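Residue numbers (this note's numbering), protein chains in the order written: chain A, 1 to 460; chain B, 1 to 636.
Be aware that one or more of the hints could be misleading.
Said to hold, decoys possible - Mimicking PhoX-like on lysine-lysine, the simulated pairs with C-alpha atoms at most 20 Å apart in a straight line are: (1) B:K99 to A:K460; (2) A:K291 to A:K280; (3) B:K92 to A:K460; (4) B:K99 to B:K144; (5) B:K144 to B:K263.
Hints in this document: simulated from the structure, not taken from any laboratory. These numbers come from a predicted model, not from an experiment.
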Amino acid sequence: MSDDFKGYRDPTLSLLRSHDARVWSQVILHTSRGDFSGLILPRSETADAEHVVLKLVTGYNIGIHHTTIQGITIEGRKEAHYQIPEKAFPYDPAKPRVKLFGTGGTIASRLDYRTGAVIPAFSPGELYGSVPELADICNLETEKLYGVFSENMGPEQWIGTAEAIAREIERGVAGIVVGHGTDTMHHTAAALSFMLQDLPVPVVMVGSQRSSDRPSSDAAINLINAARTAATSDIAEVMVCMFGPTSDQYGLLHRGTRVRKMHSSYRSTFRTLSDIPLGKIDANGVTPFRKDYNRRREDKRVSLNTAFDDRVAIVYYYPAMKPDIIDALVANGYRGIVIAGTGLGHVNKPLYPALSRAHDAGVALFMTVQTLWGFVQMYVYETGREIMELGVVPAANMLPEVAYVKLGWALGQTDDLAEVERIMLAPVNGEITEREPHNGYLVFQGGIPEVDEFISQYWK
Amino acid sequence: MSRSQHHPHDPRLNEPPPLYGSLTETAYRELGLRVGLEIHQQLLTERKLFCRCPAGLYTAEHDAEILRHMRPTLSEMGEYDGTALMEFKTQKQIIYLLKNESVCTYEMDDAPPFELNARALDIAATIALMLGCKIVGEIHITRKQYLDGSIPTGFQRTAIVGVDGALPFRGRTVRVRQLAVEEDSCREVSDRRHTRTFRTDRLGMPLIEIVTDPDMHTPAEAAAVGQLLRRLTRASGLVRTGAGAARQDVNVSITGGTRIEIKGVPSLRAIPRLVHSEAMRQRSLLAIRDLLSQRGVTVAGIGTRSVDVTPIVRNTECRFVRKAVDNGAVARAVALPGFEGLLGAPTQPRTTFLREFSDRVRVIACLDELPNLACSTHEAVTLSSSEWDRVGKACRVSPLTPVLVVWGPAQDVDTACREIVIRAQDAVQGIPSETRQALPDGTNGFERILPGPDRMYPDTDEPPIPLADARLDVIAREVPETPWDRVDRLRKLGVGGDLAERLARHAAYPLFQLLCRRLDGKHFGVQDLASLLLDRRCARPALPGVDDSWWERAVDRLVTGEVVPEGVWCGGEIPPASLSPAKARSLCRRRLAALPSGGPQDRVARVGWIMAHVMEELRGKVAGRVVRTWVEEALA
């Protein structure tokens, strides 16, 4: 019954009910502004309860306020059918086998123009229909693990994904692609980097910044790039594969422990911070930018460690922050706190006693930098030295979000704070680097003539 | 063996189509001509529609370029829309030129839309009310997909504001199907081979689109309705003027034909010729279909094979083929049995059926250096006779069967051959549904396959926007008068005939309204005022706000008879006082008496010479025509 009036609430619901004017009915609404003829569509849950939505014969939708409706004539009904014809993904024994795990985000979709619905395309057949180029690259299998917006991904999903990937590697696969929403792709990438070590094959995370229903979407190119990387690259690491520039030119492969989403909407939002990416990917294949990466192996072994204790918090310091925040975390049973401090890793003096109390309570405390780029260096200023004496451990140049994930992973393995510190500071795969090259931080300012001149010469 | 053409007996195919201007209204009605208009008009706002960039900032330079490609989206039926598939086949690289002052991350499709420009919506609703449309209760923004690259997102955001309006036209009504508010697209800079370049300054500017039903039945009517709509939007004072601010597309069909959309119509004046050409093209294509049917040609029967003929043309003397082949091009041939005598059949003025194939090859296969096809039955000399013979043999057809040869890079030539076959199959069915491009000579060329009816789906990035009664009431109070209501009002006031129409359009109209109230109708009435304001002899500009108080004083004196209109014409700061008829006559006599000697003998010239002499003293104080009658009397 509820589907007959899908999305409509009172007062509009009662009006439609009283006329038995259900969704998918072809009607004429007689209103104070004249007659409007069309198909009643479902109402979106986020829209108000005051209007009826009609699809006109021209394909446009309009809304009519319920108080203006004086009468309804029903002319017929048009059911919606979500029938998706299946095309089989072509199998080629000469091509490598790639497994795509879906966690959420829509890497490909199709449109039901009748209803305006955007329907995710996920099975190999559906993906083949949307992105036929995939069949030139690999034999693709797909498995949906989760269907969540990426802000709802968390330790439970990280663990589930790591386990599924490990299982697949043990079956024997050329590479793994993980479809993921972009908002927390870098968190998951970090988690997988710790939970899956000594990978024999690439694990490539991919998403799209622009919804895949639109012609301009980066989805298809990202997916093609990710599949090609998974199938052919010899970089056996957890990577994020997304656009390099905002132009359709090449994708970049970012190590999972140093990548971050840096803009709320640009296609080129993912960047490797304080280092250079692993390489680039385009129609010609993968071009590595460096030599120090884990290489592909023929065996099917991987080291799986899915420990995680989620009683960890990131505290983003701001001026005049009060100590009660730290005390509250401790009182609520948090075992680890990652601080994103200012400058080289600083917080204000009033916090010191609280930090001391936290340390005494056995809470693991680590310092990272809000500036994102650069090393924590707490010897330079007295402030830093004092904070270290309280028991806060500098986390070198680990990104705050990566430190949070790693601390949760470390605390999931041991209660011993010394051991936690050892785990945190022993780099697994680049989350701490020994040095930062000049080209690790290239954030240039627009408006400067030579910069604008440079940009104008390339598709960026 | 000689090659002869089978001349079809159908006069529609034998004779060149009648030129524009030679057909009567009846002839168009017999054809069943139906024309509809889609007017795009930029709105006068400071900012763009979905972002806060300034509107109307056009530039010729750019700061940066970005590169994109467009991919079609699968529909729920598992198929691609014809247009989308076509655009995808062209494999175009699309380059956007950006200038930091006029575009932001929204236009680049790197940020979601901002809130809809409320002023633009109010203007759209205002014009919708002027057209008598029913206004919707809630605006729902829709995505209309375009894969030609003219919009970086691949779709245009558009929303219906009003439906079912009406335009009074020559005693009947032209129905206005809908009025929508939408964002403008990029300006094309170039389109060469596989690269298309756009400038983004215009992108995102607010537009209204007014769509009429196909209620016009002759080319001239279509232009006249276009003019009327132009006048209406101008009358609102809320739209941009200037080059490119208003554009129009025309939809044309004849009985048995197909609705064809002609885009890029450069001006309203160009409409009649374009409509006529298209009607003639459809007429010819229907004749071709009939003939193919008589000959038993079917879609299934048209072979899809093409044959490699590169070795045959390798040493041809045909310059354009030779040059391409020397540079590594391949050449393939497609035979079209059943099409004897048809490729040279006239379709539009100065155009033949062959162009339909050439256009597809140009647009879809991107072989855009013309000529891009050689035809065995074409009159122009292309390949030699013996080369055609060998091509014909390679295709295993008789020498009389038309064969088309196309050359270029291998992948493009493959696409071209497929498109030739598709167009031949379309010809069997009639007139393919297309969007066509207006050309300067009044003919049109292929632009793209017409999108299916529902290339649209809701834009979920923006919430629906209510247009409540309260807001609509405020808008309704400010709605400007439509041109036809204004003409009616003037007529009721007493301004007659043609004068009412002219004044309604004239910039002087607001001044007229202001001055009207000061008239008493005795010495100087409404008709006189209208005439005066429109009189080209008047040196004083009749624009509102310029000289209102001067005009008011002048009208007051005209009303009392103190001044005559001629005095106002002179434009001096103070119009000279008029003279009573008696005084004027006496002065006239005095001047006549004091005429210098000499002067022209010819009567007409003499009158003019005398008038000049007499009016020296009388100008501006009495009506010239009155003086003229006195002078004529004196001469008689």
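Now the hints, each set against the structure:
{"no.": "1", "hint": "B:K99 to A:K460", "result": "holds (14 Å)"}
{"no.": "2", "hint": "A:K291 to A:K280", "result": "holds (13 Å)"}
{"no.": "3", "hint": "B:K92 to A:K460", "result": "holds (18 Å)"}
{"no.": "4", "hint": "B:K99 to B:K144", "result": "violated (25 Å)"}
{"no.": "5", "hint": "B:K144 to B:K263", "result": "holds (16 Å)"}
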